[in-house]
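*Asks:* If you're matching them up, the sequences are chains A and B in order. Residues in the first sequence are numbered consecutively from 1, following full-length UniProt numbering. Residues in the second sequence are numbered consecutively from 1, following full-length UniProt numbering.
Treat the hints with care, as some may be off.
When chains are identical, the list treats them as one kind, so a pair holds in a single copy or across two.
Claimed, not checked - Here are the simulated DMTMM-like pairs of lysine to aspartate or glutamate, each with C-alpha atoms no more than 25 Å apart in a straight line: (1) Lys63 x Glu34; (2) Lys98 x Glu179; (3) Lys180 x Asp155; (4) Lys22 x Asp36; (5) Lys63 x Asp42; (6) Lys180 x Asp124; (7) Lys180 x Asp134; (8) Lys160 x Glu179; (9) Lys22 x Asp82; (10) Lys180 x Asp144; (11) Lys180 x Asp135.
The hints are simulated quantities; they were obtained by calculation from the structure and are not laboratory data.
Protein chains: 2
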Amino acid sequence: MTNITIFGNGNMGAAIDAIFAKGGAAVQHIGSSEHDAEIQGDIVVLAVPYTALEQITADYGDKLAGKTVVDITNPLDFATFDALVVPTGSSAAAELQKALPSAKVVKAFNTNFAGTLASGQVGDVATTVLIAGDDASAKQALADAVTAGGVRAIDAGALKRAHELEAVGFLQLTLAAQEKVAWDAGFAVVS
Amino acid sequence: MTNITIFGNGNMGAAIDAIFAKGGAAVQHIGSSEHDAEIQGDIVVLAVPYTALEQITADYGDKLAGKTVVDITNPLDFATFDALVVPTGSSAAAELQKALPSAKVVKAFNTNFAGTLASGQVGDVATTVLIAGDDASAKQALADAVTAGGVRAIDAGALKRAHELEAVGFLQLTLAAQEKVAWDAGFAVVS
Chain A
1 MTNITIFGNG NMGAAIDAIF AKGGAAVQHI GSSEHDAEIQ GDIVVLAVPY TALEQITADY
61 GDKLAGKTVV DITNPLDFAT FDALVVPTGS SAAAELQKAL PSAKVVKAFN TNFAGTLASG
121 QVGDVATTVL IAGDDASAKQ ALADAVTAGG VRAIDAGALK RAHELEAVGF LQLTLAAQEK
181 VAWDAGFAVV S
Chain B
1 MTNITIFGNG NMGAAIDAIF AKGGAAVQHI GSSEHDAEIQ GDIVVLAVPY TALEQITADY
61 GDKLAGKTVV DITNPLDFAT FDALVVPTGS SAAAELQKAL PSAKVVKAFN TNFAGTLASG
121 QVGDVATTVL IAGDDASAKQ ALADAVTAGG VRAIDAGALK RAHELEAVGF LQLTLAAQEK
181 VAWDAGFAVV S
């Protein structure tokens with residue numbers, strides 16, 4: 001059985017949990033008030049805002065060594081909705097990999113709105129999770145858990161492609177915030 | 001009548017031409033062998049590879065002053081398919097604006113494969129042209145010409161959003177090159 005740990009109890013964490021549970025995985029949740037929990041999952045999804053990553057890496061850095069750590073964040077400057085807060089050309093995922101050098105960091109889910117993960121649809125198109133990372137087996141394990149839950153997954157390349165995935169997520173958020181796309185719509189991946 | 005000039009006779013130029021012609025615009029073409037043609041369009045679409053922009057700005061910089069200049073390029077390093085050739089954090093469109101300070105540079109069409117412009121469909125989803133630029137009336141004129149031709153258009157924000165549009169285009173090209181999406185598919189915009 002695949003063991004997965006999810007940090008975060010927001011709408012993204014809940015939607016991702018439902019996919020994994022549907023696929024038969026055992027899912028553990030760790031809330032923001034816990035700073036020293038045991039991590040049961042081999043795959044650890046940080047379904048938290050970008051600003052929460054620093055505390056998690058401080059609390060759990062040692063325990064995340066060797067784990068597949070999934071970064072789902074879109075590191076927007078939410079005060080302006082006009083820029084990202086990560087260094088130019090970098091990504092939240094690349095910064096997380098620096099903070100967790102012994103973890104296998106994977107970028108995923110940041111191009112999916114929670115509603116499209118919950119429904120499995122972007123309009124009439126099946127939802128696709130785009131996954132980037134440098135460890136092929138880590139990406140494959142995540143893709144397997146996602147597809148077991150009935151959602152498509154595509155390997156989008158190396159961890160450096162997180163920059164582009166975060167650009168997609170950023171652009172999609174700006175379009176939704178301006179009501180140019182709905183929060184249960186946005187970018188669909190048509191194969 | 002809207003007057004449009006298109007540089008470039010490739011599949012993108014042809015597909016864009018067909019949209020404008022369907023919308024009733026008068027379309028002029030300027031080929032790569034012409035270095036001193038008169039530009040008849042108020043909207044000028046540079047439907048050429050990124051590497052061709054330098055010659056066009058050298059040849060036509062003065063004549064493009066005051067025009068709406070549409071950059072459709074994806075400035076990939078096609079040798080590696082792993083990076084863009086523009087400065088980190090910038091975009092082809094921002095660089096073009098620097099080279100043409102008196103033009104109203106607009107980014108558009110770079111997130112659309114030619115096949116999706118020709119058919120008007122990304123799979124079963126209507127094709128959408130994403131447009132970014134700093135001049136609202138220039139963007140609106142382009143959007144009007146696109147929608148007159150039966151294709152949806154969405155204002156994606158200021159010219160700085162060309163960075164994100166080029167990230168979308170880059171990612172989409174890598175997925176197609178690896179046969180993870182088809183060349184007549186890719187990212188669809190669901191409203």
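*Asks:* Does each hint hold? Answer for all of them.
*Replies:* Hint check:
no., hint, verdict
1, Lys63 x Glu34, "within (14 Å within a copy, 64 Å between copies)"
2, Lys98 x Glu179, "neither (35 Å within a copy, 31 Å between copies)"
3, Lys180 x Asp155, "between (28 Å within a copy, 8 Å between copies)"
4, Lys22 x Asp36, "neither (28 Å within a copy, 64 Å between copies)"
5, Lys63 x Asp42, "within (11 Å within a copy, 61 Å between copies)"
6, Lys180 x Asp124, "both (17 Å within a copy, 19 Å between copies)"
7, Lys180 x Asp134, "between (34 Å within a copy, 18 Å between copies)"
8, Lys160 x Glu179, "between (30 Å within a copy, 20 Å between copies)"
9, Lys22 x Asp82, "neither (37 Å within a copy, 35 Å between copies)"
10, Lys180 x Asp144, "between (33 Å within a copy, 16 Å between copies)"
11, Lys180 x Asp135, "between (36 Å within a copy, 19 Å between copies)"
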